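Please arrange chain B on chain A, whose structure you already have, making use of the hints.
One letter stands for each residue in the lines below.
There are 2 protein chains.
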Amino acid sequence: MKLYKTGMDVRMACRKQGFSGPTAGQAPDYIQTNVVILDKSDALDFLIFCQRNPKPCPVIEVMDDGKHEAELSAPGSDIRTDVPKYLIYRDGEIVANESDLTQYWNQNLVTFLLGCSFTFEHALIRNGIKLPYYSEGKNVPMFITDIDTVPSGKFSGPLVVTQRWIPSDKVVRCVQSTSRFPSVHGAPVHVGDPGKIGISDLSNPDYGDPYIPLNPDDVPVFWACGVTPQAVALNSKPNIMYTHDPGHMFVTDIQDEDMAAF
Amino acid sequence: MKLYKTGMDVRMACRKQGFSGPTAGQAPDYIQTNVVILDKSDALDFLIFCQRNPKPCPVIEVMDDGKHEAELSAPGSDIRTDVPKYLIYRDGEIVANESDLTQYWNQNLVTFLLGCSFTFEHALIRNGIKLPYYSEGKNVPMFITDIDTVPSGKFSGPLVVTQRWIPSDKVVRCVQSTSRFPSVHGAPVHVGDPGKIGISDLSNPDYGDPYIPLNPDDVPVFWACGVTPQAVALNSKPNIMYTHDPGHMFVTDIQDEDMAAF
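Each protein sequence line maps, in turn, to chains A and B.
1 is the number of the first residue of the first sequence in my numbering; add one for each residue after it.
1 is the number of the first residue of the second sequence in my numbering; add one for each residue after it.
The set of hints was computed from the structure by calculation and includes no laboratory data.
All clues stand as given, with none of them false.
Copies of the same chain look alike in the list, so a pair counts if it fits in one copy or across any two.
In the BS3-like style, the derived pairs of lysine-lysine whose C-alpha atoms are separated by at most 30 Å in a straight line are:
#, residue 1, residue 2
1, 40, 67
2, 5, 16
3, 16, 67
From a predicted model like this one, the values you see are computed outputs, not experimental measurements.
For reference, chain A alone in the conformation it holds in the complex (with noise of 0.2 Å):
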């Protein structure tokens, strides 16, 4: 797998060289984003969602309307190429999978950046907390929980939560590490008993892998996922939505360290 070193690298190779693999790993340093585009009618309902639910949805940049390059996190980029594969939903339905939002692009698209998990497992991964699915290859174990996320309009569902697992002598260690992260998901929503928050069997997720614990006495620990917004695309049926397809995420200029509150 080549690996690019800048968010920059990442969004030219999806612009101009066909780059459309998954981009854990990719830009280490740099901030990913899960990305929502919504016609203008909901983006309002939309953006209250997301401050009403800010551990699932925390919002990095919202562009202008009919504006296509991030201004703010990555200048000179362009969502309409700059993510490896896009979803496109219509009403709620998933209706195709692209490489390019060009042609669909219009002046009232509103383009959400969400922040996104890959962020602090940076941080766990520093505090000596390994994460096997990362060097695999493969995705985070997602699961849909029975915690209902506050609506908005016509947006509602359930928050979606990836789950790690942490040996129990670092539980504390990775609250405080992740904490420092607001923007992008931040602290755990939840420590230990899945059943808790309504997961009733952790290897079988509804998205992504599930991973074997390295010791058997190691503790699942759940985050807001920003595959909530997709989850409530699907309960709440947008006319239309653009989203990145899961794990293929927009790289921004932005580093880590930037995001950090303290």
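Just chain B, lined up with the frame of chain A:
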């Protein structure tokens, strides 16, 4: 001065007994907010403005259009009556000062509650930093800086800051203790020389009352201020905008520690 204990006590006093005073020191454990009410046609641009400028405009709650109850932060409240004093702006000019907005209400109004510095001031006080304007019934000094906010649609203008004198041996602690509260202005935007942010004379604030440092080596420290959206309104001239009168805040049911990031 009668002291009210809870957010609801203050709101009911505004609603029923005509309480119209400043809210500093009232319901000291409860989050107080700035209030901005706009027509729905301006709401998306303004919410994006807040997202781009989270230090001066930390959003605590956005109410659905036409709703006058803050369902999430103050159930049972009525934003039309529960603030001690309101200002009414038309095209960027103050046209009235009212104690009740009921006669002005319509179904297209969207209410934004924005964090206020009273919360982190309690953190300063708990850390042994004296704020004499508090006990003297005065307002913190506020200055218009030469730092521009990031514009959104018609909303643009300079950052307004509050200034406090901090003993030189408490500056680090002051940064740490206020960093815990990013949703209520959080960490300072500047420490030291006022000239670096375009302030020429600390004895002559643009709003509020100047105060004398307790020790000659106290350091001026500056925080983003929730009056910024009002300065922006003057600059941006939305057709209609209702706000609280500075210092006369909306008091929620949320407690200070609910807002702490860590």
